[in-house]
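Asker: So you can see what is in the structure, the chains are spelled out below.
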Amino acid sequence: MVRASVRIAWVLGVAVGALPVRAATTSPGTSLSVQTTVPATCTVGVSDVTFAAPTGLNISQTDADGAATVTCTNGATYDVFDRGGSNDPQNGNGVHYLALQGQVGGRPGHAPVLTYQAFSDSARTVPLSNPNGSNVFSSGVGTGSAVSVPVYFRLPQQTATFSGSYTDTYNIWVAF
Amino acid sequence: MSIRTNMRGPSRPSAATGGRVIGTILLGAMVLGVAASPAHAASQTASGTGTIKVVVPNQCTLAVSGKWTLPATLQSGGQIPDTYSASDATLDVQCTGDASMQLNIPYNGNVSGGSRRMTDGASHYIPYTLIDRNANTPLDNGGQTTALYYDSANSVFYYNGGPNDGSSVMIGVHVAAQTAPPPGSYSDTLTLSVTY
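The listed protein sequences derive, respectively, from chains A and B.
Residue 14 is where the first sequence starts when you use this note's numbering, and the numbers rise one by one after that.
Residue 6 is where the second sequence starts when you use this note's numbering, and the numbers rise one by one after that.
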């Protein structure tokens, strides 16, 4: 008899120990939420611009048009602003520089350069680069579609000292 | 054309960032404000670049000043002595590039028998030759055009083969001894061109 009682108690002990595991699988479930935030984004591309080749040593005033293409997500508020040319000196006055390729330096005083300017209006009266104020020249709200913002360039009358290809990299940013 | 997007993450709460991080954020804001001054407090920027370009073709100009001048009195006893120009014309060739250039001095209507000639306008002539004043040797070489290579970097002329010809050329005029024509003022006009 004593031996039989011990067996029963052992079996019960195993059964009681397994109960909490089965109870957890049937407790009330917790909720799991899935969410994400789509950030406002913009991209901007700037068209390449090539001025018509001059015919003489004395370069006549020449105009050429370009554009920044801005694409922002729907509802994103953005400002398009000018960052000037890569050859600009510090504290530039809105005059940009085309540097003769193949020359060392590529900045005024270091290599042959030609000057040019960028404007926000076709009459070329409002310089794009305004060192004394905001350089924002266009603003808007994104729709998801590309928006073209024109940029008007001018090569003023000047004299070239060397033949060759003069280039600069023009920078336009979009803040959003 | 290139397109690049630069996205910055949202700012952290100030209480969690500490002074050093806040300082960095403020510095970034100041740089953005000075450089761009966007109208609203934008937290992100996208940038794009385009190439602006103009190609200036090589071109040359030729300017002539002064003239070749012979002694005022050539005649001596009915003869013109062997004479070289006392002063020379100045040729100024300017080109936008370093491309090789050739100075051409073609024959004109006064030439006869391959000889350049000055005239008094009354069918009287004094033959002469263009010479290299450095060596007093003729430049024409029997051709219809005197062709010289111009080294713009050093502002000197060479024979047509360029600097490989050796010494540079200084253009002058030589009048060989001859019987003097009727007294008068004799001249010739040369039309020069540059090929590049």
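A few of these clues could be false.
Claimed, not checked - Short, incomplete list of chain B residues facing chain A, as computed with Cβ under 10 Å:
(1) Thr50
(2) Thr56
(3) Pro62
(4) Asn63
(5) Leu96
(6) Val98
(7) Cys100
Claimed, not checked - Sample of chain B residues at the chain A side, in silico, Cβ under 7 Å:
(8) Thr54
(9) Ile57
(10) Lys58
(11) Val59
Said to hold, decoys possible - Dumping the calculated DMTMM-like pairs for lysine to aspartate or glutamate here, alpha-carbon to alpha-carbon at most 25 Å:
(12) B:Lys72 <-> A:Asp134
(13) B:Lys58 <-> B:Asp145
(14) B:Lys72 <-> B:Asp145
(15) B:Lys58 <-> A:Asp101
(16) B:Lys58 <-> A:Asp76
(17) B:Lys72 <-> A:Asp101
(18) B:Lys72 <-> B:Asp137
If you are wondering where the hints come from, they were derived from the structure by calculation, not from laboratory data.
Cβ atoms here follow ideal geometry from the backbone N, Cα and C, with glycine treated the same way.
Asker: Give a verdict on every hint.
Answerer: The hints, checked one at a time:
1. Thr50: Holds, because the Cβ-Cβ distance from B:Thr50 to chain A comes to roughly 5 Å (cut-off 10 Å).
2. Thr56: The hint holds - B:Thr56 has a Cβ within 10 Å of chain A, the shortest such distance being about 5 Å.
3. Pro62: holds, 6 Å
4. Asn63: The hint holds - B:Asn63 has a Cβ within 10 Å of chain A, the shortest such distance being about 4 Å.
5. Leu96: For B:Leu96, the interface hint is violated, since the closest Cβ of chain A sits about 17 Å away, which is over 10 Å.
6. Val98: Violated, about 12 Å.
7. Cys100: Since chain A brings a Cβ to about 8 Å from B:Cys100, closer than 10 Å, the hint holds.
8. Thr54: holds, 5 Å
9. Ile57: Given a least distance of 5 Å, the restraint on B:Ile57 holds.
10. Lys58: holds, 5 Å
11. Val59: Status holds, d = 4 Å.
12. B:Lys72 <-> A:Asp134: Outside the cut-off at roughly 53 Å; violated.
13. B:Lys58 <-> B:Asp145: Given that 25 Å is the threshold and the Cα spacing comes to 44 Å, the pair is violated.
14. B:Lys72 <-> B:Asp145: The given pair, whose Cα atoms are some 18 Å apart, holds under the 25 Å limit.
15. B:Lys58 <-> A:Asp101: holds, 15 Å
16. B:Lys58 <-> A:Asp76: holds, 12 Å
17. B:Lys72 <-> A:Asp101: violated, 46 Å
18. B:Lys72 <-> B:Asp137: Holds, at about 16 Å.
Violated hints, listed in ascending order, are 5, 6, 12, 13 and 17; each of the other numbered hints is respected by the structure.
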